[in-house]
Amino acid sequence: MPRIKILPEVLSNKIAAGEVVERPASVVKELIENAVDAESTMVVIEIKKGGRALIRVSDNGVGMDRDDALLSIERYATSKISNEKDLFSIATLGFRGEALPSIASVSEMEIVTRAASSEVGARIIVAGGKIKEVAEIGAPKGTMISVNRLFFNTPARRKYLKTEQTEMGHISDTVTRMALAWPGIHFKFLHNGRVLGNWSATPNFLHRIVDVLGGDLENRLYEVDYKGGNVRVHGFVASPDISRTTSRALYVYVNGRFVRDKVLDHAVMEAYAGRLMKGKFPLVVVFVNLAHDQVDVNVHPTKNSVRFEAPKQVHDVVARAVSESLKRFDRPGWGQTQIVKPTQRPIPYRSSPPRGAVSEPRPELTSRTYSHAPEATPPLWPEKRFASLRIIGQLHNTYIVCESNDGLVLIDQHAAHERVVFESLKAAYSSSAIATQGMLVPETLELNHREAGILQALLEDLRDMGLEIEPFGGNTYLIKSVPALLAGRPIEPLVMEIVEKAAEIGLASGLHRGVDECLSIIACHGAIRANQKLADEQMKTLLEQLDALEHASHCPHGRPTYVHRTLRQVEKDFKRIV
Numbered sequence: 183m184p185r186i187k188i189l190p191e192v193l194s195n196k197i198a199a200g201e202v203v204e205r206p207a208s209v210v211k212e213l214i215e216n217a218v219d220a221e222s223t224m225v226v227i228e229i230k231k232g233g234r235a236l237i238r239v240s241d242n243g244v245g246m247d248r249d250d251a252l253l254s255i256e257r258y259a260t261s262k263i264s265n266e267k268d269l270f271s272i273a274t275l276g277f278r279g280e281a282l283p284s285i286a287s288v289s290e291m292e293i294v295t296r297a298a299s300s301e302v303g304a305r306i307i308v309a310g311g312k313i314k315e316v317a318e319i320g321a322p323k324g325t326m327i328s329v330n331r332l333f334f335n336t337p338a339r340r341k342y343l344k345t346e347q348t349e350m351g352h353i354s355d356t357v358t359r360m361a362l363a364w365p366g367i368h369f370k371f372l373h374n375g376r377v378l379g380n381w382s383a384t385p386n387f388l389h390r391i392v393d394v395l396g397g398d399l400e401n402r403l404y405e406v407d408y409k410g411g412n413v414r415v416h417g418f419v420a421s422p423d424i425s426r427t428t429s430r431a432l433y434v435y436v437n438g439r440f441v442r443d444k445v446l447d448h449a450v451m452e453a454y455a456g457r458l459m460k461g462k463f464p465l466v467v468v469f470v471n472l473a474h475d476q477v478d479v480n481v482h483p484t485k486n487s488v489r490f491e492a493p494k495q496v497h498d499v500v501a502r503a504v505s506e507s508l509k510r511f512d513r514p515g516w517g518q519t520q521i522v523k524p525t526q527r528p529i530p531y532r533s534s535p536p537r538g539a540v541s542e543p544r545p546e547l548t549s550r551t552y553s554h555a556p557e558a559t560p561p562l563w564p565e566k567r568f569a570s571l572r573i574i575g576q577l578h579n580t581y582i583v584c585e586s587n588d589g590l591v592l593i594d595q596h597a598a599h600e601r602v603v604f605e606s607l608k609a610a611y612s613s614s615a616i617a618t619q620g621m622l623v624p625e626t627l628e629l630n631h632r633e634a635g636i637l638q639a640l641l642e643d644l645r646d647m648g649l650e651i652e653p654f655g656g657n658t659y660l661i662k663s664v665p666a667l668l669a670g671r672p673i674e675p676l677v678m679e680i681v682e683k684a685a686e687i688g689l690a691s692g693l694h695r696g697v698d699e700c701l702s703i704i705a706c707h708g709a710i711r712a713n714q715k716l717a718d719e720q721m722k723t724l725l726e727q728l729d730a731l732e733h734a735s736h737c738p739h740g741r742p743t744y745v746h747r748t749l750r751q752v753e754k755d756f757k758r759i760v
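Basically the numbering used here = 1-based index in the sequence shown + 182.
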């Protein structure tokens, strides 16, 4: 009896589903791409319970007749390629011929569709990869695909789905990427019946960016339009003062397809080199267009990766395109330049504010550091370590230069003060005693729909940390009070960094898994900065504060607060001894 067998079609579809359908957001992506390829001008995305209960994508595109609808759920059936040559010159968003059958194999799926040439529509119901019903039905032109009970027949995969909020975060990212790429299509996005986004079609690409991403962007974006050889780059890049702590705001597309590509990401970051702080990422929406046969999109089942025929050429053109646009930032008076005239400003969509999350009991704080960095070996100076040092001065207004009884000590003033502030905040938070200061004029904060949803879930915990923020309608919030140590400092960057950190580590409700992370962010924003001149008394006070800490060797992010070199090491450097 042969040991090698041909797998049943249902099983092979489930295996393909494991590659194509990683989570609910994968389904949303595939269905929207099909809707775009169908020449739709209106796409509606309806989600229930983070995609566990329902994912429905409706469009007004070309639709399908009954026979085509049945073929669409057959593996390797597609209308988008017809021969081997087409495979290496993909001009559409979807092409693999696996998406619909793969999705159908792990869900209960309904297709309702009608082609413009048909008088009646078709309705097909598939459960677990098996066709249960085929019928005629009255339907508008276009296609509606409903995916119910995703992974109902693969309980192990359903078990590993994250929380509703986390899955919705991934879905929101997917919808955002598609909406940014196709401003000529009206997108409507709902979750549990609540409208999260309603972005009307517009011929103005910049209007779509501002509408979808929110915030005060229109005067802080620079247009990119550059051509090098057969590569064209166009879009918009934000001024370097709009930065993020993760790469989530890098929206880079190749021939209309959103991709995560190291070549392109490196090119963008290279263009921003010298303009961004280390560890920060810019906000960009950039489209790279080149001949379809010059890029292979058939690299990965999710279609998020590409392979260029000439990667260095593409890299250099993208880096040059972004860099040329950013030169406007470097010129005097750049802040006066407006991309959009006031009369052109679009009216952003405003949805109802999301319901507040129930506050959870405050967590017990541990003495761990944010980075779990080990305490350094104690230095050789006396027990009152830092206060015993003799202050010589400052190096580049960033490092405090000190003499110890056995050598030289350099103290990073920002890292050291950040640790002091962090420990103070942690102790105050633990006893509900963080000092706050009300803002004379509340600061307005404009967010996009995903950021607003994350912030809403954090409001109670942020209030305990001294940040009082209230909804102000739609995706707008008011910052009413701040920790006293932040008085007079910009607050929007702090809040945005906390929201990004929450999105990155997947906080479902509240900050019970990320108190130290958020307190460290507040400490960083409230600490003495690099390139800040300090008086002798300020430097002395900082050294005394370090002595009062249990862990003073690293900042909350794991960077060392000091560097110690013995006199013997210095003498070896100068070849006085060997």
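Keep in mind that a hint or two might mislead.
[What the hints assert, rightly or not] Quick list of in silico lysine-lysine cross-link-like pairs, DSS-like style, CA-CA up to 30 angstroms: (1) K462 with K494; (2) K230 with K509; (3) K462 with K230; (4) K509 with K662; (5) K683 with K370; (6) K409 with K370; (7) K444 with K494; (8) K230 with K409; (9) K314 with K230; (10) K370 with K230; (11) K409 with K509.
[Unchecked claim] Across the chosen pairs, the derived CB separations fall in these ranges: (12) A669 with A235: 45 to 51 angstroms; (13) K460 with A617: 47 to 53 angstroms; (14) R442 with G410: 20 to 26 angstroms; (15) L749 with T658: 43 to 49 angstroms; (16) K323 with D398: 35 to 41 angstroms; (17) Q751 with A473: 29 to 35 angstroms; (18) M224 with E506: 33 to 39 angstroms; (19) K662 with A615: 38 to 44 angstroms.
I should point out that these hints are in silico values taken from the structure, not numbers from a laboratory. Computed from a prediction, not measured in an experiment: that's the story for all the values here. Just so you know, even glycine gets a beta-carbon here, dropped at the ideal spot from N, CA and C.
Legend entry - Holds or violated: K409 to K509, with C-alpha atoms at most 30 angstroms apart: Given that 30 angstroms is the threshold and the Cα spacing comes to 17 angstroms, the pair holds.
Legend entry - Agreement of K409 and K370 with the hint, judged by alpha carbon distance not exceeding 30 angstroms: 34 angstroms, violated
Inset, instruction - Compare the distance between the alpha carbons of K509 and K662 with 30 angstroms, and conclude whether the hinted pair is satisfied. - result: Roughly 36 angstroms separates the two Cα atoms, so the pair is violated.
Inset, instruction - Kindly confirm whether 33 to 39 angstroms is satisfied by the beta carbon distance between M224 and E506. - result: 36 angstroms, holds
Legend entry - Satisfaction of hint between K409 and K230, Cα-Cα up to 30 angstroms: Violated. K230 to K409 sits at ~43 angstroms, over the 30 angstroms cutoff.
Inset, instruction - Starting from the range 47 to 53 angstroms, see whether the pair K460 and A617 falls in it by beta-carbon distance. - result: 31 angstroms, violated
Inset, instruction - Compare the distance between the alpha carbons of K314 and K230 with 30 angstroms, and conclude whether the hinted pair is satisfied. - result: OK: K314 and K230 at ~23 angstroms, within 30 angstroms.
Inset, instruction - Using the beta carbons of L749 and T658, state whether their distance is inside 43 to 49 angstroms or not. - result: 59 angstroms, violated
Legend entry - Restraint check for K462 with K230, where alpha carbons must lie at most 30 angstroms apart: It is violated: about 34 angstroms lies between the C-alpha atoms, which goes past 30 angstroms.
Legend entry - Pair hint outcome, K462 versus K494 [Cα-Cα no greater than 30 angstroms]: With Cα atoms ~24 angstroms apart, K462 and K494 stay inside 30 angstroms; holds.
Legend entry - Range hint compliance [Cβ, K323 to D398, 35 to 41 angstroms]: 40 angstroms, holds
Legend entry - Outcome for the supplied range 38 to 44 angstroms, where the beta carbon pair is K662 and A615: At 19 angstroms between Cβs, range violated.
Checked against the numbered hints above, the structure violates hints 2, 3, 4, 6, 8, 13, 15, 17 and 19; every other hint is satisfied.
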